[in-house]
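A.B. asks: According to this note's numbering, the residues represented by the first sequence are 323 to 1216, in order.
Please note that a few of the clues may not be correct.
Said to hold, decoys possible - Heads up, simulated EDC-like pairs for lysine to aspartate or glutamate below, C-alpha to C-alpha not over 16 angstroms straight-line:
| hint | residue 1 | residue 2 |
| --- | --- | --- |
| 1 | K689 | E724 |
| 2 | K471 | E907 |
| 3 | K547 | E561 |
Unchecked claim - The calculated label-pair distances, taken between Cβ atoms and stated as ranges, are:
| hint | residue 1 | residue 2 | range |
| --- | --- | --- | --- |
| 4 | S357 | R979 | 10 to 20 angstroms |
| 5 | N428 | R481 | 32 to 42 angstroms |
| 6 | S970 | K689 | 48 to 58 angstroms |
| 7 | G885 | S934 | 12 to 22 angstroms |
| 8 | R481 | G885 | 31 to 41 angstroms |
Hint data in this document are derived by calculation from the structure and do not stem from the laboratory.
Using N, Cα and C, we set each Cβ at its ideal position, and we do this for glycine too.
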Amino acid sequence: MHEYNPLEIEPKWQAAWAEAGIDAVDAVIGDTADSLAAKSTYYALEMFPYPSGDVHMGHVRNYTIGDVISRYKRMQGFNVLHPIGWDSFGLPAENAAIKQNSTPANWTYANIDKQRASLKRLGFSYDWSRAVITSDVDYYHWGQWIFLKLWERNLVERRLSPVNWCPSCTTVLANEQVLGDGECWRCKSHVERKELEQWYFKITDYAQELLDDLDTLDGWPERVKQMQANWIGRSTGAEVDFVLCDASGEPTKETITVFTTRPDTLFGCSFFLLAPEHPLALEFVAGTEYEQDVRAVIAEAASATAVERSKGEREKHGAFTGRYVVNPINGEKVPVWIADYILMDYGTGAVMAVPSGDERDFAFARKYNLPIPPVIIASDDALFAELDGKRERVVNDVPWTEAYAGEGIMVQSGEFTGLAGGKDSAGSEAVIVSLEAQGAGKASINFRLRDWLISRQRYWGNPIPAIYCDACGIVPVPEADLPVVLPLDVDVAKGDKLAAHPEFYDVTCPACGKPAHRETDTMDTFTCSSWYYLRYADPHNAGVPFAREVANTWMPVDQYIGGIEHAILHLLYSRFFTKALRDAELLDFDEPFKNLLTQGMVKLNGETMSKSKGNVVAPEDMIALYGADALRVYILFMAPPDKDLEWSQSGIEGISRFLNRVWRAVFDLTGEVVVDSEGIKLSVYDETLDAAAVNERAAELNRELHRVIGKVVSDIERFNFNTAISAIMELLNTIAGYLKVPVAARDAELCNRAARSLVLLLAPMAPHFAEELWNEVLAGGVTGGAGGVAGGAAGGVGEGTAGGVTADDADNNNAFDSVHKQPWPEYDPAQAQAATVELAVQVNGKIKARITVAVDASESAIQEAALSEAAGAIGDKPVKKVVVVPGKLVSIVV
RNA sequence: GCCCGAGUGGCGGAAUGGCAGACGCGGAGGUCUCAAAAACCUUUGUCCACAAGACGUGUGGGUUCAACUCCCACCUCGGGCACCA
């Protein structure tokens, strides 16, 4: 036996696999074009890395999970696409370039080289021939092409809007890129609001479908779907048109529309609110006595930072504009105020205030002494009789001390009084019908989701293919002129930008030929990551981003794996892209990712590992100590994949020990007397075992083999890698018990099968380890060793066709018979059963005895045995009931 | 405030309503060794000197022959959203 030396065998097999092209989907060893076509496809995908530096433990975890799934599926006979690439545009490259006086490209590509080497060192089975790097012209060319397709489909728009501006990154951000407390997702600086003209993708056109199709994503975590649903934020209700009055208070022909989820409370509207940014606000008060107060509120609201706004219950400020509007439901004139809690970018920026039914309006009414007419009361409320039918308004001394926003009965609501009120209630519907009849409103749906702001005032990104012409306006770059190449001689370290490169932006208008100006903003990096999974399917296509039929073959992704932090960002954008590309007839499916696994973080001392905290455990250090396989197995073993895990150094030593034990056991199973490095014999036999004891151990091992293979299958299918590994450990423990049997008394077939199964089960998780054992000890049958266990007789379960050399071997020139080309071991649940089982006997819920019965014993026989065995505990108390749970226990109630 | 998760030994974690704590780490004792490391064996939820027994899955109730698991109420921690009309 040679020692298990991961540092020697891992690079060896990595080189051998690379040479044999074992992981490329279209060059799989032993597969012909026909056999490949006959296989089902399986697309396993992990979120590609940003090349920020070294590979860290989070990557190791993410990619190990994906690799296990890929290798397992290959052994199950699928043709597996398992690609990798880099999301390589983005701001960190610019910052690093400035810091190191380098260029973003140099920094990025150097990091990619470093990460590629690390990923290869970890033994991940990627099809490297398909690697996609988003900052390569060959890739971003097609990002521009897709941009033009979306533009053709009217999904691209340049418009003036309030935007989020990060002063530190000196660029605008999408809504999704502003964290809950108003911080930039990347640098955590406080985001400012600005009014700028920017490029948008009209993701809101798909708001309803993005929401509806969440229901079809059965393979997604509920949590992620919930987060997306909240983010999309659909509200149903009505649009109501209020008639504007002129400065003298006379109704005009103009109306102003509000959105409400509670049309049933329309009679309770006692004032009307505009957002401070609303264009009508200043128009109303210009030159009036109200102007000063209104301007003060506007100024105060504008200066409020995101932090202040996020503090929840904030003192509300407002001012009367001097104007009135007419409530269409009852013709009442109500005053128009501005209020700083009204958001310009939700609904219409104008709101009907119902202080009795809305906490915020209530607080505002109290503060400014506005009427609070009750219109909804709980059905059992005594006020009903008192209020019903009365039209007088109760002012500030209403019996209510707070707003009532729940469901109830409409009161003081004219013809609608007595109807059920609430969101989407009968009362709401009746009010909408009435409004529609008089042309003053309609049913409506509002989304919280905003369009996706995709332009960035940064250099290191995909150039937006648009040209500004004084004569023609904004003109798309013609498809034939693509790609718009990002110049590499921009020296960001010296503060250089695209906007300072005339050779980039001085162009002629494609429409009229006159001098024009190229767009110097680049696209959000999230546009690059919104379709990379499609490019993997057809990575070298030089005519289109991907061929439709090829995309249809591999997509949707069967299993996507990545961090929860993309629950809204990347995962929502990618869904949008897929739907938009489908409508552009470029592909034929609705959702990109059929199944999603969000893996937990790797922590140290309860904190996320980060360079700035200095608490990073470097994967390279662990590989140097224990090897890549031990690291892979350990990270799988520590916790279920979707939970955060706490790094512990001593645990990986345990896994290293486990692999060493397996190593020795495999040799021992061949009959070889295993010795340690100093020649001390480790194989120890128990010569006292008689034939019956040997047979019992053999039967136990056989049962355990069938049980564990079945367990590993079901655990891997559910991604419970930790329990799959536990089960393999249990198998090893049983094997260790059998290895006490002297070599001459062992069952050769059983030893062979046990060794092979052990190695095959570990192959997806510890690929080099398994490959070495397979090739050095097992391929071609177990033949080596002092005991001379004969190989080739492998029948039974263990391995379908794997009798050693596969039939395809002759057809190709690979020098080895890879364990990763073997079929997954089969198992027979019936053989996992022992002939007899021990049952616990409970008397009134307490275990009082144990009985051993045949596995197929009849219920009455079991009952009889249990009653006699537990007779002492039962005593003379009458037996009321007996429950027999086959294989488990007997419960006796006395 | 609203919406999700999660609370099990010293630690990581197991348990289609059916013997709680699998598997591993750590600890204790032992074998081997001059010694140590490695390896192997035994042991390891708590209480009790041992045994017998009792108690044990955040808390309190409930359903059930049987509850970590299901139901109700609550506590704690983590995450997301939050003036969205």
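A.B. asks: All hints, please: hold or fail.
C.D. replies: Comparing the hints with the structure gives:
Of the supplied pair hints, the one linking K689 and E724 holds, its CA atoms being roughly 13 angstroms apart against a limit of 16 angstroms. The straight-line distance between the Cα atoms of K471 and E907 is roughly 10 angstroms, inside the 16 angstroms bound, and the hint therefore holds. For the given pair, K547 sits about 28 angstroms from E561 by alpha-carbon distance, which is inconsistent with the 16 angstroms threshold. Roughly 40 angstroms separates the CB atoms of S357 and R979, a value that falls outside the hinted 10 to 20 angstroms.
A hinted range of 32 to 42 angstroms holds for the C-beta pair N428 and R481, which are about 36 angstroms apart. Between S970 and K689 the beta carbon distance is about 56 angstroms. The supplied range of 48 to 58 angstroms therefore holds. Separated by about 19 angstroms at the C-beta atoms, G885 and S934 satisfy the suggested range of 12 to 22 angstroms. The hinted range of 31 to 41 angstroms is satisfied by R481 and G885, whose Cβ atoms lie roughly 32 angstroms apart.
Violation of the numbered hints given earlier is confined to hints 3 and 4; the remaining hints are satisfied by the structure.
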